[in-house]
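Enquirer: Residue-level listing of the chains:
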Amino acid sequence: MDKTVAIADLTHLMSKFTSYIGKRLPTDVTEKLGELREKEVNFLAKEVYESMRQNQEAADQLDRPSCQDTGVIQYFLTAGARFPLLGELEGILRGATEGATRDGPLRHNAVETFVEKNTGTNTGSKIPWLDWDIVPDDDSVTIDVYMAGGGCTLPGKATVLMPGQGYEGVAEFVLDVMTSRGVNACPPLLVGVGVSTSAETAARLSKKAILRPVNSRHSNDNAALMEQLLTDGINELGLGPQGLTGNSSVMGVNIESSARHPSTIGVAVSTGCWAHRRGKIKINADLSYEVMSHQGFKL
Amino acid sequence: MKKILTTPIKDEDLEALNIGDVVYLTGTLVTCRDVAHRRLIELGRELPVNLEGGAIFHAGPIVRQKADGEYEMVSIGPTTSMRMEKFEKEFIRRTGVKLIVGKGGMGPETQEGCKENKAVHAIFPGGCAVLAATQVEKIEAAEWTDLGMPETLWVNRVKEFGPLIISIDTKGKNLIEENKAVFNEKKKPILERINAQVRFIK
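If you're matching them up, the sequences are chains A and B in order. When we follow this note's numbering, the leftmost residue of the first sequence carries the number 1, and every step to the right adds one. When we follow this note's numbering, the leftmost residue of the second sequence carries the number 1001, and every step to the right adds one.
Check the hints yourself; a few may be wrong.
Stated by the list, open to error - Sample of chain A residues lacking proximity to chain B, with all beta carbon distances greater than 10 Å (derived):
#1 T30
#2 L44
#3 Q68
#4 L77
#5 R82
#6 E88
#7 W129
#8 W132
#9 I134
#10 E172
#11 T179
#12 A199
What the hints assert, rightly or not - In silico DSBU-like pairs for lysine-lysine, Cα to Cα no more than 30 Å straight-line:
#13 K1180/B - K208/A
#14 K1003/B - K208/A
#15 K1003/B - K46/A
Calculated from the structure, these hints are not laboratory results. The beta-carbon is built from N, C-alpha and C at its ideal position, and this holds for glycine as well.
Just need the whole structure built from these sequences, with the hints factored in.
Expert: Pasting the structure below:
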């Protein structure tokens, strides 16, 4: 395939996919919300769940962004070192963001810092934000698209604990974020926790954690236990949808981790709102693709 | 039966409302968020819209301009109201606004403002932006468009806009603050239980 044509094709595909995920929630999130709605007994909470259901139906029928805050666009790439357009991906995803902004349409959400002007295109310095993992001996790329809305970005927090504070300190940190700012982030939330060595490594992992499916579990038994304990504990707080109290506060808690310095425990929290707009697409070397997060995507 | 408020809203329309009540709005609803608040309160600029007896919405919508120049409301949901806490008490006093719609709670200053000036804050379910857009009949005007799409003051004619859950009433009661106190009270025993099981450093 001619390279110019390949670049245009992939830009078109990613533009459509970016716009699509703002209108329809991923399958795992839709299923989880249905489950929580069924279990809810509180009057105001039920009222809100019903509005949520009507909203997703209307967004689908009218083909519109389900939440007006279509966020800052972030792409998390797991890229094979031999993917033919590896060097072109950054430009392609910038083009895809501009395309989705026009066609979605997406809200204009890129304010150039210090200049303090909205660019009107959702692109700006280092935006869309790209995060890279390179896989040797592979010629495909898997891209997680995420719309980082303001409300669910605001609770984000990272710190470095002393080892004496232990995993008990991690639990306290997470629960404090929930009771202080969780209410404003449109619960029921998907909570991502990074447990790592420093503030920025933990922060990156906490965001990667909310890209994982809602019901997934960490491969380490202790970490998986902590995910369950935090999920149960935060649900017991009873935030309910929009903080109006209810049976559940979260769709789940996902932990991502790395090794750490013996003297530090880096910990961070990222939250995804109930309208958790993320999508996962795998693109092969011949540009055939498979959407892994949603059913029914068509070009 | 649906309880419907109509602009211009009078003090007596609000006095019987309590936190947790669900109401709907018919009339004019103006989007007003961070920079508009800052311009009025900190920079001393006059708002281009009269809000006496009116309703504002902490929201930054997606709006499409049609070929004939008319605006179409595509998607409009509430944004985090707490960001406006710094300005809202003074904003209520200066503008005479009666209904503030947003997301999440607001703080003690807004509570005072609502009590002193007979106003209420209400929550529209966050993220339900297409539902809200279908309740906007027409965009009647756009002011301060230099602020860009999210921050422009969009003047909307709405019909039975809601559900709006009263979170601060004219008595100064605050639903989300009361809820937060309960959440904080519950936190300690939950943490004790979790901590007994996560002593992985041995």
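Enquirer: Taking the hints in turn, state whether each one holds.
Expert: A quick look at each hint next to the structure:
1. T30: 13 Å, holds
2. L44: Violated, since 6 Å does not exceed 10 Å.
3. Q68: Violated, since 4 Å does not exceed 10 Å.
4. L77: 27 Å, holds
5. R82: R82/A is indeed farther than 10 Å from all Cβ atoms of chain B, at 39 Å.
6. E88: Per Cβ check, E88/A is outside 10 Å of chain B; nearest 30 Å; holds.
7. W129: 19 Å, holds
8. W132: 30 Å, holds
9. I134: Since the minimum Cβ distance to chain B is about 31 Å, I134/A lies beyond 10 Å and the statement holds.
10. E172: It is violated; E172/A is separated from chain B by about 6 Å at its closest Cβ, not greater than 10 Å.
11. T179: 5 Å, violated
12. A199: 20 Å, holds
13. K1180/B - K208/A: Status holds; Cα separation ~29 Å.
14. K1003/B - K208/A: 44 Å, violated
15. K1003/B - K46/A: With Cα atoms ~18 Å apart, K1003/B and K46/A stay inside 30 Å; holds.
Consistency note: the structure conflicts with the earlier hints numbered 2, 3, 10, 11 and 14.
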